[in-house]
Amino acid sequence: GQQLNQSPQSMFIQEGEDVSMNCTSSSIFNTWLWYKQDPGEGPVLLIALYKAGELTSNGRLTAQFGITRKDSFLNISASIPSDVGIYFCAGFNDYKLSFGAGTTVTVRA
Amino acid sequence: ETGVTQSPTHLIKTRGQQVTLRCSSQSGHNTVSWYQQALGQGPQFIFQYYREEENGRGNFPPRFSGLQFPNYSSELNVNALELDDSALYLCASSTPGGLNQETQYFGPGTRLLVL
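Which chain is which? The protein sequence lines are A and B, in order.
Numbering of the first sequence is given in the numbering used here, commencing with residue 1 and proceeding in unit increments.
Numbering of the second sequence is given in the numbering used here, commencing with residue 1 and proceeding in unit increments.
Check before you lean on any hint, since a few could be wrong.
Said to hold, decoys possible - Across the chosen pairs, the derived CB separations fall in these ranges:
1) B:63 <-> A:51: 37 to 45 Å
2) B:60 <-> A:17: 35 to 43 Å
3) B:77 <-> A:53: 41 to 49 Å
4) B:69 <-> A:106: 21 to 29 Å
5) B:115 <-> A:27: 35 to 43 Å
No lab work stands behind these hints: they were computed from the structure.
Quick caveat, the model's predicted, so the values are computed rather than measured.
Just so it is clear, CB atoms sit at the ideal spot from N, CA and C, and this is done for glycine as well.
Whole structure, please, built from the sequences with the hints as guidance.
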């Protein structure tokens, strides 16, 4: 199946810091999505990207759809404690989402 | 709140048993996809239903089957349960977009434990 490489695997950040994570793939995708998942819950959509080169913001979150359509990044600015969780990238092609392995974010107060 | 609901929230079964999980899609969505998420991993695609037909399938054996009803709700059935089927089962609803673009919204999941 399609493999998405998501990095870093985990990160500890100080409250107020900016954080960045990214996702790369050997396959081209027409949609890139970023989700956040809390323990025991389903993934919640943060940002959806539909066009190569597109840069989209949602509050303190900013994500970009790479020009090659094989990568995407997510930035979180001015981290707060509720940013704790697991962030997943996902690419959509042919009726299915392919997910990265997730980035676990822990915020130090 | 995505408007996608799943039941039950938790379930314990023993090896060899059968299980049925249910999903109601978000209002206005006609497509339901099912994913399996093992602990510490990203979700893996099982299959998708569109207008009551299976629209695509991932690398899962035939003992994983599904249904979609006229109101777009869906069921996932798993026969002959194995220990490795223990996972969080996620349902996502969507409406197919043009140019192979689609945004899927997830429910809270059903946690299945097979003993």
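Hints versus structure:
no.	hint	in the structure
1	B:63 <-> A:51: 37 to 45 Å	holds, 40 Å
2	B:60 <-> A:17: 35 to 43 Å	holds, 40 Å
3	B:77 <-> A:53: 41 to 49 Å	holds, 43 Å
4	B:69 <-> A:106: 21 to 29 Å	violated, 42 Å
5	B:115 <-> A:27: 35 to 43 Å	holds, 38 Å
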